[in-house]
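Peer 1: Each chain, letter by letter, is given below.
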Amino acid sequence: MSARRGGRPLPALAAACVVLGFTQAAPAAEIPSAERRSGYEFMSRETRAMQDDDATNPAVLWLLDGEALWNRKDGAAGRACADCHGNARASMKGAAARHPAWDAAAGRPVNLEQRINACRAGRQQAAPLAYESRDLLALTAYVARQSRGMPVDIAIDKRTKPFLDAGRDTFMRRQGQLNLACTQCHDELWGRKLAGSTIPQAHPTGYPLYRLEWQGLGSLQRRLRNCLTGMRAEPYPFGAPEFVDLELYLMWRARGMKMESPAVRP
Amino acid sequence: MARAVVSLPATVKRGEIVEIKTLVQHAMETGFRRTQLGIAIPRDIIRLFVCTYNGEEIFRAEFHPAIAANPLLTFTTVATESGSIAFTWTGDKGFSLTESARITVE
Amino acid sequence: MTTRRDFLVAAGSLAGGIGVASAAGSAHATPAAMEEAIRKAIGDAPVRKGRVKLDVPPLIDNGNSVALSVAVDSPMTPSDYVKAIHVFSERNPLPNVLSVHLGPRSGRARIATRVRLADTQTVLAIAQLSDGSCWSDSAHVVVTLSACLEEGLI
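Protein chains in written order, with the working numbering: chain A, 1 to 266; chain B, 267 to 372; chain C, 373 to 526.
What you were told as hints is all true, and nothing was included just to trick you.
If we take Cβ atoms under 7 Å as the criterion, some of the chain A residues that face chain B in the derived model are:
1) 55
2) 56
3) 58
4) 60
5) 61
6) 64
7) 215
Here are the computed lysine-lysine pairs in the DSSO-like style, where the Cα-Cα straight-line distance is at most 30 Å:
8) C:455 to C:412
9) A:158 to A:93
10) C:425 to B:279
11) A:158 to A:258
12) C:455 to B:287
13) A:161 to A:258
14) C:425 to C:412
15) C:412 to B:359
16) B:287 to A:258
17) B:287 to C:412
18) C:425 to B:287
19) A:93 to B:287
20) A:193 to A:258
21) B:359 to B:287
22) B:287 to C:421
23) B:279 to C:455
Bear in mind the hints are in silico, worked out from the structure with no lab data behind them. The beta-carbon is built from N, C-alpha and C at its ideal position, and this holds for glycine as well.
Take these sequences, add in the hints, and give me the full structure.
Peer 2: Take a look at the structure:
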């Protein structure tokens, strides 16, 4: 267990799981709505203070970039986001709380990053921004900021239901060398400790967020990739439909909870 | 371009002690990390922070690699007169950023 | 009988313990290097405990960003003020963390920042006063290892 892999200690998740074996499959129940808790509630007083104060939340630095990008003309059309959408504070209110959302052109739900890039391609005739690039994170954070305090509001209908089900299947399915499913930690063992960390319920209410571990801003898909790596499963590529389905399920699972973007997490 | 956010009250009473919060966008690369291929990542940090009040230096800080990424620094000053408070961060690789704020003293 | 959940908690704390022990193998400052850094900052002045309040959480879940504040009991008048505050780390790769220079115009001798702590260790703050005296406070911080970290850069 003290074996080193790539010069670092074997991560605690793997160590705990090797000891445990996780041999029994337990039928997972959804967390009752009265017991749902944001990752914020599991954080230390200092980290919560960091998120709450715009003067000390480092994600605010990215918001400034996002606001500049919102107003900057771009692409062959020479148009800015603001030229169509006006003031983001009004027009983007609630947008992040509704994503992933159905997109007729794509024929499937798209997340906020994909929506921004679709808008760039269609309206601005501009090249898409790369996943996890500073510009896409900044613009997404700026749009998501306008939903802060609003309840997550994912509409599920006949069109989106199959994608929700696919996302739920991914959440419930054991995968990777540790043969773990998301639900085992986040539905069954939330609130318990895994090394120094408290296992959260995995509600994605604050993305893109500033993670102390990353020392920067990152997307939900970056976090999901970290989870999969921890489970010793191969992560899907950024923007993969499997990830968007999982995002849809996670947001639906957090329905009614307050948006915190851009949040801070340890 | 890097960003900075400075927070202080816009209007204060003469003689009041004002709390100033500063936040600046910088990775503060320590110089002690390596890539997955084992190549050392050179140090790239902010070394110095200076705050001036109407041109006179009132506070100075020397940063080392142990300062967290996107440095936060909170300090205080006595409001003496209306004017401009300037904040300058300088560091490795020619990094230099200046931000300023107006303060009205009644 | 030990339940599965009890076992997970035990296994988790065990894994945490191993993580802390493994991390100790990395390069860090020696007591001699720290002493040298202190002398370089304040000269030969004796350092007494007191008048300084160093505030750091005793247990932190991520050493990348730890809230730290230092307050010094001083009237901050032109004849009696704090000239400088220095913060040192015992087990980071380098002993120096931060030095700030202030004066009567500061009004109050209190600063706050966020620091990196590579390991469980003692953090030291020394204040240099206008009369040449030096005062200090220290704090022990336990840095735990998080689960599910990103692969790649350490």
